[in-house]
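Colleague: Chain by chain, the residues:
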Amino acid sequence: MIEYATLDHSRESWRLDETVWTRVRNVIAFLMLLGWAGCAAGYVQDSDRFFRSYLVGFLDMTLIALGCLFFVMVMYLTGSAWSVTVRRIFETVMVTIPLAAVLVLPVLGGIHNLYEWSHSEHVAHDKILLGKSAWLNPEAFVIRAFVYVLIWSVIAIRIYTNSTAQDKTKSVKHMDSTSTWSAPGLLLVFLSVSTAAFDWIMSLNPHWYSTIFGIYVYAGGGLACIATVTVICLWLRRHGILAQSINLEHYHDLGKWMFALTVFWAYIAFSQYMLIWYANLAEETVFYSKRLVGSWKFVSGLLLFGHFIVPFFFLIQRRVKRNLGALLAAALWILTICYIDLYWLVMPNFDKEGVRLHWLDAVAWLAVASTYAFAFWWQLKKHSLVPEGDARLEQSLAHVNV
Amino acid sequence: MENSSLPAALEQKELHGIAAAFESPDKLLKAAKAVRKSGFTKVEAYTPFPIHGIDDILGIPHSHLGRIVICCGAIGATAALSLIAWTGSGDPLLLPYWTGLGAYPLVVGGKPLFAFEPSIPITFELTVLLSAFGAVFGMFALNGLPQLYHPIFNFRHANRITDDQFVLVIEKADPKFDATECTRLLQELDPVSVEMVEE
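If you read the sequences in order, they're chains A and B.
Numbered according to our numbering, the first sequence spans residues -15 to 386.
Numbered according to our numbering, the second sequence spans residues 272 to 470.
Hints listed in this document are in silico derivations from the structure and should not be mistaken for laboratory results.
Any given hint could turn out to be false.
Partial pick of chain B residues on the chain A-facing surface, computed with a CB cut under 8 angstroms [said to hold, decoys possible]: (1) E315; (2) P319; (3) H323; (4) P389; (5) I393; (6) G409.
Taking lysine-lysine and the DSS-like style, the derived pairs with C-alpha atoms no more than 30 angstroms apart in a straight line are [claimed, not checked]: (7) K382/B - K298/B; (8) K308/B - K298/B; (9) K152/A - K366/A; (10) K366/A - K281/A; (11) K298/B - K336/A; (12) K274/A - K382/B; (13) K284/B - K382/B; (14) K336/A - K154/A; (15) K382/B - K281/A.
Simulated DEER-style distance windows between Cβ atoms [stated by the list, open to error]: (16) P417/B - T62/A: 31 to 39 angstroms; (17) V138/A - P417/B: 32 to 40 angstroms; (18) H333/B - D30/A: 54 to 62 angstroms; (19) T195/A - Y420/B: 43 to 51 angstroms; (20) N385/A - P417/B: 41 to 49 angstroms; (21) W5/A - H333/B: 46 to 54 angstroms.
Heads up, the beta-carbon is just placed ideally off N, CA and C, and yes, glycines get one too.
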C-alpha cells in the first residue's frame, strides 16, 4: 500500500446542513408549484401544445436520470476509483427514476394529441402504419412505458440500496452484488432506452425509422447527466459542501467525460446523417428535410456547432477542464444544447414551418425538472454525500491526473 | 547504511551525479522536497511506478505532447480534405491551383464531385491516424527514446529501480553541485544507500 503524501486526513462533513437543505427544498417546492400550476393553465389553454412541450421536458429530465443509471453501472463494472467521491450524486439522480412512472402519465394521456398512429381510423387507410400496428398501438404503448420504468426502477433501487447499505457495513459483498446486477442491467437498460426512444420520439413520425436512433438519444442523455452532476457538485462546492472530497482532479475527469460524450454524440449523429444522405431514399430523408425547413435549418446548424464543434475545441483544452468557472459554463451550455436537441427531435413534427416558441416549453420543463429535483434533494439528505463504505474511497480522495 | 567516500579512481572519470536509494515512495517524496528546498534544480527521480506529486516537487513542467498531437491531427484533417477535393472534383474547392492537373472526376451514385458528407469518414480516420502517430512518436522524441545507454545503469542497485527501490539523483549539471555537499545532504534524508554515479 502506498502512502500518499498529498492525502489530507482532516475530513469535512459528508452530511447536508439542515438550514441549507430546508431553504433549497422550499425553493424547489415553490418552483414545482409554479410549474404544475402553469402546466394546468397551459393544458386548459392549448392542450396540443401542452403535450408537445411536456414531452420534451419529460424526455430531457428522464434521460438525465437514465444517463446516471448507465454511468453508475459502468463505474461498478470497470471498478473505477476516481469516481467514488462523486458516485453518490450520480446514484441519487439515478434513483429518482421510479418517478418516471408518474411523470410519464401526461405523455400516455396525450397519446392522441401526439401520435398519429394512435388513431385507428387513420391507420386503417395507411398500409405502412397497418403493418407497424402490432408494435405501434395504444395498449402496447402504455404497457411498454410501464415495463421500461419498471426495469429501470428495479435496477436503480437495487444498486442504490446496495451502495447505501455499504456505508454502514463497509462490506465488499454489496459491491459484488451491484457488479453482478450491472452486467445484465447494462444490456437491459440499453435495449429498453432504445425502444423507449423509438416509442416516445421516433414514432412521432411513424413512417420514418432509424436503428441508431436509440443510441443517438441516449448519447445526449449521458452527456446531459455528466453536465448535471458537474453543475450539482459545483453548486454544493460553492456552499462549502464536498469542497475537499470532490477536488480539481475529479472535476477534470468529469470534464473529460463531457468531452468524450460530445464526440460520441457527434459520431452517432453523423453516422445516422451520412447513411441517410448517401442512400437518399425519400422515406429516410424526410427526417432531415423536415429539419431543414424555415428557421429549423438554423437550429440544425446550431446543433452542429453548439453540440459538437464549439464544445469540442473548448473542452479539449486541459486548462478549461481544470478551471471550475469554465467547466461550469461548459456544463450549463451542454444542458441547454441537449434540451435544444430534444426540442429539435420533437417539434418539427408539429411546427412544420419553423420554430415556434411557446411559454409552455419553459413551464412544462420546469414542472418536470423541479419534480425530479425535489426527489433528488429529498433523497440526498437521507444518506452520506459520499459512499463512505466503499473500498476505493481513499484511492479516490487521493486521485491525481498525471 | 553504506557510506561512500571519494575513491581516487572515480575522480578520474566523469561524474554523472550523486544517487540515493530510498525504500518507499514516501521517503523519496520527502527527500525530493528537501533537495529542491536546498536549491537544486537538476534533480531526477527513478521509480518502479509513477508517483503522484513527484512532477510538481521536481518542477517538471507539463508535457507539450498535447500540442504535437493537435498539430498532427490538423495536418491529417487538411490532408484528407485536400486529397478528396483534388481527386474527386478536378475543380477543387480547396486547391484551385491544381485545377486540371490530373484529377479524377468520377460521378458516383449521382452525388456531387465533392461533398463534405462522404469526406468526413476519411477525414476522421486520417486525423486519428496522424494524431496517434504524433502521440506515439512525439512521446518517443520528448523522452529522448530510443536510448541505448544511460548513466543511471552505473548505479549499483540500478536493477532494483524496476522492482522495489526509489532513487533520487542530483546531477552534476546542477549549478549548485558539489559532490561532498550533495552526499552529505542525501545521507541525512534516511536513504538505504548513497553513491556516486559515473557518466
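Colleague: Hint by hint, which ones does this structure get wrong, listed from lowest number up?
Modeller: 1, 2, 5, 6, 7, 10, 11, 13, 14, 17, 19, 20 and 21
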